[in-house]
Amino acid sequence: MTAPLHDTSAAEPAAVAAPEVPQKAIEGRSPWQIAWLRLKRDKVALAGGVIVLLLIIVAIFAPLIVKAFGHPPEELHEDLLDPLLGLPLGDWGGMSGDFLLGIEPVNGRDVFSRIVYGARISLLVAFLSAFVAVSLGTFFGIVAGYFGGWVDAAISRVMDLLLAFPQLLFIIALISVIPNKLWGFEGSGLRIAVLVLVIGFFGWPYIGRIVRGQTLSLREREYVEAARSLGAGRFYILFRELLPNLVAPITVYATLMIPTNVLTEAALSFLGVGVKPPTPSWGETLATAVRTYEDDPLFMIFPGVAIFITVLAFNLFGDGVRDALDPKGSR
Amino acid sequence: MTTHRTSKRRLAAGTAVVLAAMLTATACGGADKKDDKGAASGGGFNAGIEKVANASDKKGGELKFVGTQDADSWDPQRGYYGFMWDFSRYYTRQLISFKPAPGKDSTELVPDLATAKAEISDGGKTYKYTLKDNVTWEDGSPVTAQDIKYGIERTWAQDVISGGPVYIQQVLDPKAEYPGPYKDTAPDKLGLKAIETPDAKTIIFKLPTPNGDFEQMLAMPAASPVKQDKDTAAKYGLKPFSNGPYKIDSYEPNKSMKLSRNENFKADSDTIRKALPDTISVTFMANADDMDKRLMNGEFDVDINATGIGQAARATALKDHKGNLDNGQTGFIRYAVMPQTVAPFDNIECRKAVIYAADKKSLQTARGGPQAGGDIAPNMLPLGIKGSDAKYDPYEVLKNDGKPNLDKAKEALKACGKESGFKTTIAVRNNKPVEVATAVSLQNALKQVGIEADVDQFDGAQHSGIIGSPKVVKEKGYGIIIMGWGADFPTGQGFSQPLVDGRFILQSGNNNYSELNDPAINTLFDQAIAETDPAKAGDIYKQMNQKVSEAAVYLPFVYDKTITWRSSRLTNAYTTDAYNGRYDYASLGVVK
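So the protein sequences, as listed, match chains B and R.
Under numbering that gives the first Met the number 0, the first residue of the first sequence carries the number 0, and numbering increases by one thereafter.
Under numbering that gives the first Met the number 0, the first residue of the second sequence carries the number 0, and numbering increases by one thereafter.
Simulated from the structure, these hints should not be mistaken for lab results.
What you are looking at is a predicted structure, and each value in this text was computed from that prediction instead of being measured.
Misleading hints may appear alongside valid ones.
Stated by the list, open to error - Calculated pairs, EDC-like style, for lysine to aspartate or glutamate (alpha carbon to alpha carbon, straight line, at most 16 Å): (1) 446/R x 73/B; (2) 180/B x 453/R; (3) 402/R x 77/B.
Can you build the whole structure from these sequences, using the hints too?
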């Protein structure tokens, strides 16, 4: 049997945290309040959180930002390129007040707009696929952990199988065989749907294993026993008694799954199996930039830095959340 | 414990900031460098276009080729890559070959193993050649008419040695009745009836129907002699037995090849090959950018593949080493084609709308601009081919300086009954970034008139089974396909027939993506092929080209050009139309 990675439930920190604040000990605090206090003290995690928030705002308001500071991301400006070389005229990759981050070689698109719009694809795919993974992982994990027996065996073997699957290769193969129209989607919309489903589908066993382990220990607790003896139904116990106590580990792993998904999306777009042109994506921009990196290195730096900041911010924030919710947990 | 962990994370965050700063600093350093050194060395920009760069007759030295792609096979009957056809002249000869002259003159045929060009009789159905007296193999034995016949027969054996061109087989034995030399029941394995060898010096070809380009086919390496007792069938490509000025000393596929002089070669029998270097080496490497750098460092002389300097090194090459560059035509056309089977392109007006709406200037920029991409093409016959007309501009592309003609595009849309536009799919090979760039350009231009195009990148390595299958094209709804095409031999038949003759539509490996099947065009091909006078055939191809343009299935982008590297020590370098804008390898030397 798998040893639970985190054998402490979210309820326990209350006991540990109590001596830390003796001067106000009279005041009662919920575990979430305590976690929030702990998170507030962690400046690095907060900085990560602020950046995450900013990125989300940028992604949501991309059209407004681009309208104010840039040009439409799909508009070509070939007149701003050296006609013989296809490289941006002017130094620094054509950076100017008009084109804040310069222009793309070969077709002259606004790099700033493409980076801003790229955040949308990146975060959309990352969040939605994390949602798919968390939903599947929680459901199957809790079912496997609670029921045990052959249900547990079956679900655990499926999780092992998926964990052993070459996810990236599978997605590349899948993208090249799916038709151009499916489930009412087409073009980039279909690609996003496929990316979300596939990344999410291959991500759920990670959450599933954590949830299963936690459930195994929680189901022996007295309050579950009590609910059972009072005649509560299975699904009542699963979703009313067990699930609320699993929210902490699930939150932590969901936050840490998002940066991985950002990287997977970028890698797939880099390999040409992400969103379709002309939809902007950081990975795709990076792949285009490889061809001109010697003459226009800035064009390569910007999407790289964007991916880097996003992943770093989510990781710092996710780490902070984990520390706040689960201070005794080992790394 | 908590504090400890926090500090570790802070350290990570700090490192990240430093790293980002370093990256940015590198970017500043590499952003601009402007110096003009080396612009004069190397013989001058375009010194090898239409003229000979660094003419010299001095022998000696080692000519160093480099490439990223090995030949499909060095077996003369199996190779189909253009550079292999050029390179193979070092170790194999044909009855006739291309004249060693720059540019368009190179397409003229001159005798090589034969004493003269063919004596054509019987209304263009009989070709007779007499061999020179002092033509020899690398072991000193004479090259005979039987050797040539045996070599040509090998192209029938596609089951044993596949991959090479089969034009001669299609012309001499259209029903493929002869099984090939490996299944030949005749004791001398020379059972093919269409070729007669009355003695060791005479060879006669009997064609069932005349074909004015037959001598072009005999100039391909597939018509090279092979000595029967040296034939190792499928392994012959590893060490072909030489009858040219050089012999192959060693060959490791995808790594290297070394050639040295063939001591038994009689130089006075050969008026084509200069054979200047003492040894020739070919090195294959994986990274094209690295190859460009090492060419510029002078470690190698020529890129054997001649695919042109890559985008990464192009700016440096043009700024710092302009004198070492030749910017020539490759004979390829880059184009988009609209299959008539995919709605709404069954309607000619909708096809015209696309042609008018396309921004040819933008497409040219996507291809790499006027130098690395090529000149904007107004029609579908490249300049090196008889019958081509660079001024024939049916869609007023040149007149409008490559800009889109939105008024005419909207008019055409209206006539098509799709005034508000329509949806379609652009199919493009995923392994050709430049083609993807043209797809994005076309997509953007079509959007201006309301045509919404989805860019579908398919596996480029599988193109013969995807866009080469009319069924798949229809299923996937590929309304616009982006491709490029070059001729196997420089005539209208060699270039256009696979693209536009309705009888060439195949269920797999199709090249006539438009599925154009116009009896008038097909008849023009028959007439031109039967014509043995190239000038008259050219006139017919001109009419054919006009009919193709009128059908509005093709949207030509550019007459393809490349920027090729010529090392400073390379002599007798000139680009040829006969070899798709490559240098005539047989003339190159390295001693000034």
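A quick look at each hint next to the structure:
Between the alpha carbons of residue 446/R and residue 73/B the distance comes to roughly 11 Å, so the proposed pair stays at or under 16 Å and holds. Of the pairs offered as hints, the one joining residue 180/B and residue 453/R holds, with about 11 Å between alpha carbons and a cut-off of 16 Å not exceeded. Restraint check for residue 402/R and residue 77/B: the C-alpha separation of about 12 Å stays at or below 16 Å, so the hint holds.
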